[in-house]
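Q: Kindly produce the complete structure, drawing on both the sequences and the hints.
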Amino acid sequence: MKRYAPYIIVVLLALLPFSGLSTYMMHIIILMIMWSVIGMAWNLLGGYCGQVSFGHAAFFGVGAYTAGILYFKLGISAWWGIPLSVVVLALEALVIGFICLRLRGPFFALATLAMGEVLRVTAENLRDFTQGTLGILIKERTWVEKTWYYYIILAIAVLTYIVVKKIIESKLGYYFVAIREDQDAAESLGINTTLYKTIALVISAVLTGLAGAFYTNYMGYIDPEVVFALHDISIITIMIVMVGGVATYWGPVVGAGIMVVLAEWIRSLPRIGTAHQTLFGVLLILIIIFLPNGVVGDFSKIKRALGFGRKV
Amino acid sequence: MTPLLEIKRVSRFFGGLAAVMDVSFNVNKGEIVGLIGPNGAGKTTLFNVINGFYKPSRGDILFKGQRISGLKPHRICRLGIARTFQVVKPLQRMTVLDNVVASAFLRSDSKREAVKKAEEILEFTGLSSEKDKISKGLPLGMRKRLEIARALATEPELLLLDESFAGLNPTELVQSIEVIKKIKERGITILIIEHHMKVIMSISDRVVVLNYGEKIAEGTPEEVSRDPLVIEAYLGEAPAA
Ligand SMILES: Nc1ncnc2c1ncn2[C@@H]1O[C@H](COP(=O)(O)OP(=O)(O)O)[C@@H](O)[C@H]1O
Ligand SMILES: [Mg+2]
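Here the protein sequences line up with chains A and B, keeping their order.
Number 172 in the numbering used here belongs to position 172 of the first sequence; there are no gaps in the numbering.
Number 231 in the numbering used here belongs to position 231 of the second sequence; there are no gaps in the numbering.
Treat the hints as calculated values from the structure; they're not laboratory data.
Note that CB positions come from ideal geometry on N, CA and C, so glycine has one too.
Where hints are given, some of them may not hold.
Computed spacing ranges between beta-carbons, pair by pair [stated by the list, open to error]:
id	chain 1	residue 1	chain 2	residue 2	range
1	B	Thr171	A	Ala14	53 to 61 Å
2	A	Leu103	B	Lys136	45 to 53 Å
3	B	Thr95	A	His231	56 to 64 Å
4	B	Gly65	A	Ala114	41 to 49 Å
5	B	Glu113	A	Ala305	41 to 49 Å
6	B	Val87	A	Val121	38 to 46 Å
7	A	Tyr7	B	Ser128	32 to 40 Å
8	A	Leu286	B	Arg107	42 to 50 Å
9	A	Leu286	B	Thr95	24 to 32 Å
10	B	Glu119	A	Tyr7	25 to 33 Å
A: What follows is the structure, given as structure tokens:
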């Protein structure tokens, strides 16, 4: 049963647009899937390889701007941003990796945070290229309906899931986890830690960039404040994975579902809505205390607390 | 025939401290060489220099006639030198089997091959019954043996063992000595740091003694244990050393 679960889920998801959901509901689901992609991508680098990035907005934003600039500067469809972002993100990740991956632990985290901010400021100031804080507007939307956007992001998510799973079950996955657990031990066991950390970063960045390029096409408008956001992209990404379960296959998906719903709900609250960052902070603290392994990682604990699922 | 490992006038300084000072010796293929000396003598530092964690401040290290000093640890491991850590470094949240599989990938073409090698090595080191346990929870004796298993999985020609017997109970000690002897039978050369005098004297073909970073004696176990400098170095220290 468990083996077939992913297939059943994919089939159900493929049928979803026929269930007569409202446009708003479709929008929420599209966002959930998009955040799942970013979460899974982050998880590969942060969860499995142990390189905690506080700067995934650097990848999301560059993916988004790859699509945006193609449209705005070259006048071709922003959808070309999806394939092109693969190349652009790989190059970007090589540069960022060269700078940041020589640092360990919190120093790596801080360096990536700085990268995200540097890119945001750069995008704001390279006005000829990016229109600065004015942002880029895609005037001709491809579809009014949500359906095709939904299928495209679903396809990216399925691809991401498969890529991550295949990698984690292979030699690369063993090497990533070995590096996370003890970099010196890994190195002395013949693992070229610099090389494999770079590989993890490049794959993670490319997948995040795909989500960014999709975002431009889907939302039709980007500006640096939004797509390079420290809190609303980089930090939320980490929270999604922590809430769902670090270093689990489904954790980022579950986390994305929870966080998107929560964000919508909090924003809709009168008065409190504007304090959503504070509320997210409180939530994160609660999660760390009560579910340190996230919803997926501590699933048995949750079942027990709710009174079912006796120990077998 | 060139020795397997040549340590040529190697020094390593930390600021003003000479942790290793002008040390030279060779290790020949098939030997077990014991490396002994009081605490702080520079033994672990010398391992770190051989294995590439530290560059020698002076001197050279040759492996099979090729200069390896300055190479990164993963390159040195690929060339055929594996090590264990005095302060064990298990890949904590991985199972015992996965710890060894991760190392076995170095010279395997497929996951199947890596797993097969790893299982064989766990059998060889007497860890098979623990293979599905998370390595974090293992008792110290097992963790020490896991260090050895993991190093073996990289299929080394030279194995550096850093106090693999420290903290073991008598039963574990006997098991580990058996493992070392079997490793030698496989044709793997061993350079071993050990505090247990009886053990080191019984398994080593030759012994090198360090004190305050300098080599003060080298020879067969009998020669070394009669050496006045060695006796003084050990008697000068707390009796339990
Ligand atoms: N990374 C380091 N930085 C500074 N001093 C060090 C470092 N590593 C070892 N030392 C010093 O070098 C000396 C030798 O240490 P070590 O090689 O661990 O001795 P042993 O293994 O023989 O007990 C000690 O005085 C120790 O404090
Ligand atoms: Mg030591």
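Q: Please go over all the hints and tell whether each is borne out by the structure.
A: Consistency of the hints with the structure:
1. B:Thr171 / A:Ala14: 53 to 61 Å: The hinted range 53 to 61 Å holds for Thr171 (chain B) and Ala14 (chain A), with Cβ atoms some 59 Å apart.
2. A:Leu103 / B:Lys136: 45 to 53 Å: violated, 26 Å
3. B:Thr95 / A:His231: 56 to 64 Å: violated, 38 Å
4. B:Gly65 / A:Ala114: 41 to 49 Å: holds, 46 Å
5. B:Glu113 / A:Ala305: 41 to 49 Å: Holds - the Cβ-Cβ distance for Glu113 (chain B) and Ala305 (chain A), about 43 Å, lies within 41 to 49 Å.
6. B:Val87 / A:Val121: 38 to 46 Å: holds, 43 Å
7. A:Tyr7 / B:Ser128: 32 to 40 Å: Given a distance of about 35 Å, which is inside 32 to 40 Å, the answer is holds.
8. A:Leu286 / B:Arg107: 42 to 50 Å: holds, 47 Å
9. A:Leu286 / B:Thr95: 24 to 32 Å: Check passed, 31 Å falls within 24 to 32 Å.
10. B:Glu119 / A:Tyr7: 25 to 33 Å: For Glu119 (chain B) and Tyr7 (chain A) the Cβ distance comes to about 31 Å; the hint holds.
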